[in-house]
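For reference, the chains in residue letters:
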Amino acid sequence: MLRYTLLRLLGAIPTLLLVIVLAFLMVHAAPGGPFDDERALPAEVAEKIEEAYHLDEPLPQQFMRYLSGLVRGDLGPSYGYRDRTVDEVIGFGFPVSLQLGALAMLLALVVGVGCGTVAALRQDSLLDRAVMAFAMTGISIPVFVVAPVLVLLLAVKLQWLPAGWSGETGAARYFLPVITLALPQIAYIARLTRASMIDVLSSDFIRTARAQGLGTKAIIRHHALKPAMLPVLSYMGPAIAAILTGSVVVEEVFGIPGLGQFFVRAALNRDYTLVLGIVIFYAALIILLNLIVDILYGVIDPRVRQR
Amino acid sequence: MSLLEVTELSVRYGEETVVDDLSFSVNSGESVGIVGESGSGKSQTALALLGLLPRNANLSGSIRLDGNELAGKSDEELDRVRARRIAMVFQDPAQALNPYLRVGRQLRQILLQHRLASGKAADVRVIDMLQRVGLPDPVRQFRAFPHELSGGMRQRVMIASALIAEPDLLVADEPTTALDVTVQAQILDLLETLRDSTALLLITHDLAIVAGRCERLLIFDAGKLIESGATTAVFSSPQMPKTKQLLAAAARLDTGPIPAPVSGETLLDIERLTVSYGKAAAQRLQAVTDVSLSLRTAETLAIVGESGSGKSSLVRALLGLVPPQSGAVVYAGSQLAGSLQARLSGQRRDLQLVFQDPVAALNPQMRVQKIVAEPLQVHERGLSSAKRRERVAAMLAKAGLDKSFLDRYPHQLSGGQAQRVGIARALILGPRILICDEAVAALDGSTREQVLELLKNLQRESGLSIIFISHDLAVVRSMSHRVAVMYLGRLLEVADNASLFSTPRHPYTKALLDAVPVPDPRRALQAPPLGGEAPSMLSPPRGCVFHPRCAYAKARCSEQRPELREFAGVRVACHRADEISLNARY
Amino acid sequence: MKKSGAILLAILLLAIVGPWLSPNDYLTTNFDGILKPPGLSGAHLFGTDDLGRDLFVRTMLGIRVTLLVAVVASLVSLVIGVTYGAVAGYVGGRVDAVMMRFVDTLYALPFIFLVILLMVAFERNFLLIFVAIGAINWLDMARIVRGQTISLREREFVDAARLVGVSTAGIIFRHIAPNLLGIVVVYVTLTIPQAILVESFLSFLGLGIQEPQTSLGALVDAGVNQMEGASWTLLIPATLLALILLCFNFLGDALRDFFDARRAP
Chain A
1 MLRYTLLRLL GAIPTLLLVI VLAFLMVHAA PGGPFDDERA LPAEVAEKIE EAYHLDEPLP
61 QQFMRYLSGL VRGDLGPSYG YRDRTVDEVI GFGFPVSLQL GALAMLLALV VGVGCGTVAA
121 LRQDSLLDRA VMAFAMTGIS IPVFVVAPVL VLLLAVKLQW LPAGWSGETG AARYFLPVIT
181 LALPQIAYIA RLTRASMIDV LSSDFIRTAR AQGLGTKAII RHHALKPAML PVLSYMGPAI
241 AAILTGSVVV EEVFGIPGLG QFFVRAALNR DYTLVLGIVI FYAALIILLN LIVDILYGVI
301 DPRVRQR
Chain B
1 MSLLEVTELS VRYGEETVVD DLSFSVNSGE SVGIVGESGS GKSQTALALL GLLPRNANLS
61 GSIRLDGNEL AGKSDEELDR VRARRIAMVF QDPAQALNPY LRVGRQLRQI LLQHRLASGK
121 AADVRVIDML QRVGLPDPVR QFRAFPHELS GGMRQRVMIA SALIAEPDLL VADEPTTALD
181 VTVQAQILDL LETLRDSTAL LLITHDLAIV AGRCERLLIF DAGKLIESGA TTAVFSSPQM
241 PKTKQLLAAA ARLDTGPIPA PVSGETLLDI ERLTVSYGKA AAQRLQAVTD VSLSLRTAET
301 LAIVGESGSG KSSLVRALLG LVPPQSGAVV YAGSQLAGSL QARLSGQRRD LQLVFQDPVA
361 ALNPQMRVQK IVAEPLQVHE RGLSSAKRRE RVAAMLAKAG LDKSFLDRYP HQLSGGQAQR
421 VGIARALILG PRILICDEAV AALDGSTREQ VLELLKNLQR ESGLSIIFIS HDLAVVRSMS
481 HRVAVMYLGR LLEVADNASL FSTPRHPYTK ALLDAVPVPD PRRALQAPPL GGEAPSMLSP
541 PRGCVFHPRC AYAKARCSEQ RPELREFAGV RVACHRADEI SLNARY
Chain C
1 MKKSGAILLA ILLLAIVGPW LSPNDYLTTN FDGILKPPGL SGAHLFGTDD LGRDLFVRTM
61 LGIRVTLLVA VVASLVSLVI GVTYGAVAGY VGGRVDAVMM RFVDTLYALP FIFLVILLMV
121 AFERNFLLIF VAIGAINWLD MARIVRGQTI SLREREFVDA ARLVGVSTAG IIFRHIAPNL
181 LGIVVVYVTL TIPQAILVES FLSFLGLGIQ EPQTSLGALV DAGVNQMEGA SWTLLIPATL
241 LALILLCFNF LGDALRDFFD ARRAP
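As they're listed, the protein sequences go chains A, B and C. The letter at position 233 of the first sequence is residue 233 when you use my numbering, and the numbering goes up by one with no holes. The letter at position 555 of the second sequence is residue 555 when you use my numbering, and the numbering goes up by one with no holes. The letter at position 119 of the third sequence is residue 119 when you use my numbering, and the numbering goes up by one with no holes.
Treat each hint with caution, since some may be false.
Below, in silico cross-link-like pairs of lysine-lysine (BS3-like), each with a Cα-Cα straight-line distance of 27 angstroms or less [to be verified]: (1) A:Lys226 - B:Lys120; (2) B:Lys224 - B:Lys242; (3) A:Lys217 - B:Lys456; (4) B:Lys398 - B:Lys387; (5) B:Lys398 - A:Lys217; (6) B:Lys403 - B:Lys387; (7) B:Lys398 - B:Lys370; (8) B:Lys398 - B:Lys456; (9) B:Lys244 - B:Lys224; (10) B:Lys387 - B:Lys370; (11) B:Lys73 - B:Lys224; (12) C:Lys36 - A:Lys157.
I should point out that these hints are in silico values taken from the structure, not numbers from a laboratory.
Next comes chain A alone, as it looks inside the complex (with noise of 0.2 angstroms):
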């Protein structure tokens, strides 16, 4: 088991790597810069500013400076920012981030996996069919349709639910955001759910443990979760790619001043630092979830870990 995990943990540091490489040339090949605005800069000034951010080394002097930066955790300065550096940006935004977007994953999880199981316990009955219905226009809706969509229906023409995050503080103002979020989340783990435990609950090993009469609560609890929530855990490396994602969504629609939202901001401002910094930070993150996810599925499956 030490062994597994220490393979993957060396597994990952290329693709880390590959991503710096790769984000850091996007970004330096990228004509303009977020400078260009402020249009017949004085040249010294121009020079200064060149100078300041180190832009008039060669590339790869660049990139060494901004790999021993990031190996002390130092993703630099912001450009568009002036007075903060991208540390502190993902300091503020992120915990925000993290806060909603744990949320709708564990709701996602909850929900989907426990309607996934009903719905295969009860194949072709009519609770099967709606929650399958469910769940197919749970994935075909885009989060950002249904986000605004909610917002015009419990927000705007209820009034149930405040439509924007600034300037609330109850817990009301998570509910929105968290259920947009999860909601493909939701109905992509129940379909995934509801396919492999009927998949599971038909195999042999199922019908040998009808046979020792142990009953339908044990057998999903012994025998049938476990392997049931293998493609339930191997999703969970997209899902946590497709949260991330829709976060920038979400945020941008309620208002929520989280990672998302500097993203967007900083790509549509050309602040390539902070840009490069949390694609970085994402990718880190996404990497790191995705090693934990292939650990537990070590964890379950014993025919894995051998490999």
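Since the structure of chain A is provided, determine the placement of chains B and C on it from the hints.
Quick look at chains B and C alone, frame taken from chain A:
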């Protein structure tokens, strides 16, 4: 009163009736055999007893246990009967055990569920049960996952799980079909000794298995019970034609003609062939080691061995599908290249193969006509399409299929029909050597006979040489002129058919022959089965590969590897071949 | 399956023919008639936007652009994915290990963010959108095709073909490719909605299709800004987008069931 009383039981799926108006009973402590071909409804009956039929099944009639009705009861009510009163052993232990749970936990759960023991006491009882089914080191195996055990060990665990709650009736559905013949004998003996006062319902397609083990027999055909009675009576005076047919199909090692040896010229020579997989030395798996064999014109040479004996790897190397590590294959005087691509077109067309799984060997997207015509398209390009169609139809006719099969897809064929298509494809180029790799293993009794007959006829007509790979000794006996016995990648004995079956020279050959069940209630049980299981190919034993399981092994056998040598007209790899005398059971 | 296909076909036809039949075009602004509600009586079936442009024509144009981007992107991912997966699967061994290690690495990338980076760094052009979306979606296809190729390559009928002397090309084209077809069709059908999602996501953020061109995502984005007074500007494109995605997903599911049923004996 009988323990189990089944009356007018029927199982239907929609319009289709798979069990039809079935009535029988089982007394306490009695052992009853249910025998029938696949699709005869025997497994459906077993599942019905425990209420395990799929939801779309329609059950009618009555199943009484000690007078209490089970049919139509809810799962909750049946759960009190399952394992505790009626337990079940399934066919394939690799599928029937949960791969994600440790063996001990799977057994423990049964005790907890039925409140038979808890805590430490449950663990102790599980370990005791594992010990009783013959698991070496049961304390350690308690924590093993199923995939860490061999097939035979898994089936022992399965039996332990069925007996741990001390049921009154044990239903065993083809419990040994997935196992090697020497292991099969062990498992059947284990069932017999452990069941004690538990009644046994043994379900099988093989009459030989029930011959010495069941007091009464029920013969199934197409969902109906067609004959029942005491085992001896059914064997000595079968009433129904189907029963007679089953008896005839239960091939035996003691009757029937043996093909006489042929004395043609040597057509194919295998010289010290070694096949291995894996590049790194530490992980190299030597599947075939130093095998030398020859095949004569119009001869059938059988290669027998259990799983892991290397017989399939040998075939793949012969055909050029795997390049051998060393050694040579000489065909008609010239050495064949190791890889198929490097062989001459004429050499390729002269060696053809018939596969084990007849349906998997046919491309599901192609019609029969196209499948059989493909070799012609490659080797006889000049042929017009009308001419080609004619040749295909003629070949199919030879293989026993009429023109209506030309436009079918593989999934529209039965197993026997698919195998005939496979044979037609292999023979359409007129090869001189046909290799049959377990070619009838997937076929039922009567279909198997027909395909074997077809092969014999084709050989008689065209002087075809056949290499016949099989684990089924009865089939080998009726088909082949000579037999080679393989174990852990090595040849242990090569002999004429008659001499191998009457006076085996290698202890392993003898053990193999002994393990084959005899379809005769008076002579079924004699020799104790071979103990243990074949070791892993990755770490073959030093010295003679068979010595750890051999009853005749001496110190020398564990140190020095015996060469294959001539002895009394056969070739045998045993140090003690001239010291020991082995006699077949017959 | 038939229903979803029919709806998709109807939407496609409408998107092609609609603007041609309408008296309006997608460019003309009319500041006297901004945010007109939809109605059968007026000249604007779907109403107008905040610049007074006809929303029917713009929505139809949006559908065209969205579908075009999605189909082209899916074809890009189809070509890359099938070739990559088939080569890795058929060649096998070390080549396969290296190729799939690379795919695994790409999988762990926060692609959508890199794409955003790409869209920001380089001018937002159509071509780039195709490439970017295709680059995301080929990974799944490659994995699936590789898995399928490996299992086909090990199947006995492929050995049978080799033994009767069929060439490698013959095996790939006659025996492997036809058996891959089903699964490829299914995954292309399921890739299209994925591509639509990415394109409309980018357009929604203002990083995709640029004014005065439009796509369903861009229309939803514009609609969000007007939704409090003119909800139709959001609801019409949002409904159509959801409907198209739903139909593709249903179609993909149905096709998968169809091919699964055929593969079973």
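Each hint, compared with the structure:
1. Pair hint A:Lys226 plus B:Lys120 holds up; C-alpha atoms about 25 angstroms apart against a cutoff of 27 angstroms.
2. Note on B:Lys224 and B:Lys242: the hinted pairing holds, with a Cα-Cα distance of about 12 angstroms set against a maximum of 27 angstroms.
3. Pair hint A:Lys217 plus B:Lys456 does not hold up; C-alpha atoms about 56 angstroms apart against a cutoff of 27 angstroms.
4. At most 27 angstroms may separate the alpha-carbon atoms for a hinted pair to count; B:Lys398 and B:Lys387 meet this at roughly 17 angstroms.
5. Proximity of B:Lys398 to A:Lys217 is assessed by CA-CA distance (about 57 angstroms); at most 27 angstroms being required, the pair is judged violated.
6. For the hint linking B:Lys403 to B:Lys387, the alpha-carbon distance of about 15 angstroms falls within 27 angstroms, and the restraint holds.
7. In summary, the hint linking B:Lys398 to B:Lys370 is supported, as the alpha carbons are separated by about 17 angstroms, within the 27 angstroms threshold.
8. A distance of roughly 12 angstroms separates the Cα atoms of B:Lys398 and B:Lys456; the hinted pair therefore holds under the 27 angstroms criterion.
9. At roughly 16 angstroms between alpha-carbon atoms, B:Lys244 and B:Lys224 fall within 27 angstroms of each other, so this suggested pair holds.
10. For a cut-off of 27 angstroms, the pair hint linking B:Lys387 to B:Lys370 stands: about 13 angstroms separates their Cα positions.
11. With a C-alpha separation of about 24 angstroms, the suggested pair B:Lys73 and B:Lys224 falls inside the 27 angstroms cut-off, and the hint holds.
12. The straight-line distance between the Cα atoms of C:Lys36 and A:Lys157 is roughly 20 angstroms, inside the 27 angstroms bound, and the hint therefore holds.
In this structure, the earlier hints numbered 3, 5 are contradicted, and the remaining ones agree with it.
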